[in-house]
Amino acid sequence: MIPGIYVHIPFCLSKCAYCDFYSVTSTKKIPHFIESILKEMEMYRGIFNRFDTLYLGGGTPSLLDSAQLAEIIDGIRKCFPLSSDTEITIEVNPGDLNRKAAESLFETGINRISIGVQSFDEHILSFLGRRHSSIDAISAIEDVQNAGFGNIGLDLIYGVPGQDLESWMNTLRKALSFRPEHLSCYQLTLEPSTPLGRKYKAGEIDPPDEDLLYEFFIKTSELLEASGYTHYEVSNFARDPEFMSRHNRKYWDHTPYLGLGPAAHSFSGNRRWWNHRCVDRYIEEVNKKMPPIEKSEILTLKQLRLEALYLGLRTKMGINLQDFSERYSFDLLDKKNVVLGRLREEGLITILDNHIYPTRRGLAISDSLSLI
Amino acid sequence: MKNIRNFSIIAHIDHGKSTLADRMIQYCGVVEDRNFKNQILDNMDIERERGITIKSQAITLPYRSRDGKDYILNLIDTPGHVDFSYEVSRSLASCEGVLLLIDAAQGVQAQTVANLYMAMEHDLEIIPVINKIDLPSADVDKVMEQIDSELGLDPYASLPCSAKEGTGVEEILEAIVHRIPPPKGDPEAELATTIFDAHYDPFRGTIIHCRVFEGTIRTGDIIRLMHDETTHRVEEVGSFLLPRQKKASLSAGDVGYIIAGIKTVSDVQIGDTITLDKRPRKEPLPGFRESKPVVFASIYPIASDDYEELAMSLEKYKLNDASFVYQKDSSIALGQGFRCGFLGLLHLEIVQERLEREYNLSIILSVPSVRYRFTLNDGEVLYIDNPAYYPDPMSIATSEEPYIRAAMMFPERYMGAVMKLCKEKRGENSALSYPSPGRIELVIEMPLADVIYDFYDGLKSITQGYGSFDYDIIDYRQSSLVLLDILVNGDRVDALSQIVYRGSARERGLRACERLKEEIPRQMFKIAIQGAVGGEIISRTTISAYRKDVTAKCYGGDITRKRKLLEKQKKGKKRMKMVGSVAIPQSAFIAILKSDNT
Ligand SMILES: Nc1nc2c(ncn2[C@@H]2O[C@H](COP(=O)(O)OP(=O)(O)OP(=O)(O)O)[C@@H](O)[C@H]2O)c(=O)[nH]1
Ligand code: SF4
Ligand SMILES: [Mg+2]
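Chain order of the listed sequences is A and B.
Residue 49 in numbering that gives the first Met the number 0 sits at position 50 of the first sequence, and the numbers go up by one each step.
Residue 175 in numbering that gives the first Met the number 0 sits at position 176 of the second sequence, and the numbers go up by one each step.
Keep in mind that the hints were calculated from the coordinates and are not lab data.
The model shown is predicted, which means the values in this text are computed figures rather than measured ones.
Be aware that a few hints might be false.
25 Å max Cα-Cα, derived SDA-like pairs, lysine to any residue [as the list claims (entries may be wrong)]:
1. B:141 x B:438
2. B:552 x A:284
3. B:570 x B:524
4. B:572 x A:303
5. B:572 x A:305
Let the sequences and hints guide you as you build the complete structure.
Set out below in structure tokens:
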């Protein structure tokens, strides 16, 4: 239960059609932003004992050059005690990398890299509004492999309107050919505030139906598990247990994390808080020596319980019943006896050694599982 | 006394009673224009939203007539729906005259006739009013013909008006003054006061609405309610001006209110007679009848933790609605609840809505039922309104169900379709008449159980809105009955059981399965729904499971957003009742009775 740090780098050269992460397309503010990050972390000095993960996410962190990234990482090292084996992850955009950039990234101490490949199908890439091609992705993967990174993850998207199973399986097989340590396969969510979401609402695009999405999900899981990967979370696969994202797992089991940068979320104890979703406002508040927090909430036991349930049931690690009842004062096995029995009969969960584990089919409906 | 006029406005539903009352109130200037809102007497939210009157309302209007004299007009606006016809009859018992409204576009309808008879029984002066003459489809001449031929009244005594636009209102007020006789009665005689309504005031308790026929009632008097012989001390009397106005006394001829420290409206009976304890009258005024529920259903809280709260809310609700009755009940599927009796389905819907809205409860109603009568082999007679208590079929000697006499009016061209509908509903002993050319009045006897649901909607739709309907309960008739059970994933859900006519069991079973399939959302596993009679499955359907619903990503630690979504879904699910492992929405329990055409 050692906490983790997340740094949100809210810059992208252009906005992808499906994306509702917070980012701006002007890079002018990058220097100010870095100054502010360094100031914001000072506000938390001494509060957390130690961290063992650092995640540089975005936006597009690879828009910062290695010197800028090193400045942030060094700042964090000076401000907070980090474990010697700290997992330091960066998200990169294929178009932004070359061999040299990859090598200098490696020198900053970053030891895990997550590449936003999304697809090897050009039609899908352009539909999604990505600014890179599949060739860019291939060379980016080779560059980071050659630069010495031993923990590489590829992010992929399925369930894109117009995408058939074959296109997706081709992308998956192509990804597997690189034997990446980690794969994230996300089903496209059509967020209402995005261009694709609006097209969907206007009836201009037609996402795959539930049965096809289920096919995508199950086929993905089958292929990757047959290729030696562990399907350890709804959308995540690791070539070996040691490659499961240490950072992301903190989100799933209520381990504390500190989020720095605009729109970043933090959690500790039973409190969650998040920063202003606006770079200018963020910089302004930090300069006034104010924590740039937009809002915070104290979670009730009931809310914590619901989160633990839905996050736990998204993972292969499932829910440790003993632990659950101690942390959230709720004896699941006793209180939800009938429904759990039924779910087990239906092959959606297994109950073993005082754990509830979702099966593959269970993972596909884990949102509902958590509403029992 | 000679300048008092007591009258009710009666009509078929929606013919404009409350709107006309509005205009008269405005004309008499009791409410300042800026405080005025439409259907001012319909003061419950639910009345205003639905645009219907649920409760009679009385109001006193001071009126200076054209002859220069001042009059006190006591107006009672009545509900139009059949469920509340007893209330209407009590209002009529308090008057000397009525305005019988007829919609100029729709003409005479079934309840126009029923209301006319009721007014004639009470020997009232009847002023026909043709309303809505502003409508392009208004046909005043035709309505005058109908007044003559169908109602047997003098068409030239009728007054045209548009309650909406306020035309003709003064003529109506003049007619009230000159045609309706003033009340009679001796203010010195023994007190005889009839209760025509009561409502609950959180600060004052029950407020009795009454009409004094004989004698005088004063603050401080000890009154006696003749039906149950209870006595109370009068705290206040007054008249229904806006706002209520305290008076020293009410005398023969007056309509007004009495506050006498009576806790709940159930402690007084509508139609009962009030007299003075120390100088009582010998006989109560005629016409009293206890109001009897005809439709029954059980109410359960959706979350069983809310049982206590439901109990408290029902108690409070009951303070204000004497015709609602309830007692404890329990269901294997739905837990602890209450068995409730209603005047009809509209009443049931209103109670449900008010409980949810005014008491913020989430409740489930079981399938509504009428009250059946079973005679057992050993001669014992059982009245059963709850399928849970359906007797052992082997022990039943005869079974009977309540029948009604329905009166319908509609244009001749719909005759075939209406007869077909009535036959489907097991109608018998029909009698036809032609009150005027091209119009039919059909009187037919039908089982109440088949009528409470859908019949009226069905009639309206096949007659394209031209058919109207009214009914009285007549008697019990022998009938072959069975218990139809519904099984969800093999478990019997007792709250979905119905007592049905044997000949319709299969069709009702099919319908129930279909409706449940529509109402129950897909869930994590397949749901099998079956209808069964005496252990034999007569209908079945399945709801397939959904397979994929998970969101891809809980990114950047923004767990809150996703949790909020789930909380919302969970709330939605809370509105459903868990039966075993299946979530059944509230709507399913009533939908089960509905047929396709509604
Ligand atoms: N055009 C027109 N519409 C009217 C007139 N009088 C009433 N209405 C409309 O008819 C509908 C029913 O009016 P209400 O006054 O609520 O009828 P009601 O007889 O009190 O109805 P219940 O209490 O439900 O029996 C409303 O939509 C009124 O606005 C009228 O003179 N002309
Ligand atoms: S690069 Fe990433 S953060 Fe930027 S717009 Fe595209 S998906 Fe969103
Ligand atoms: Mg009305």
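Hint check results:
1. B:141 x B:438: Holds, at roughly 12 Å.
2. B:552 x A:284: Violated, at roughly 30 Å.
3. B:570 x B:524: holds, 20 Å
4. B:572 x A:303: Given pair residue 572 of chain B, residue 303 of chain A holds - Cα atoms ~19 Å apart, limit 25 Å.
5. B:572 x A:305: holds, 14 Å
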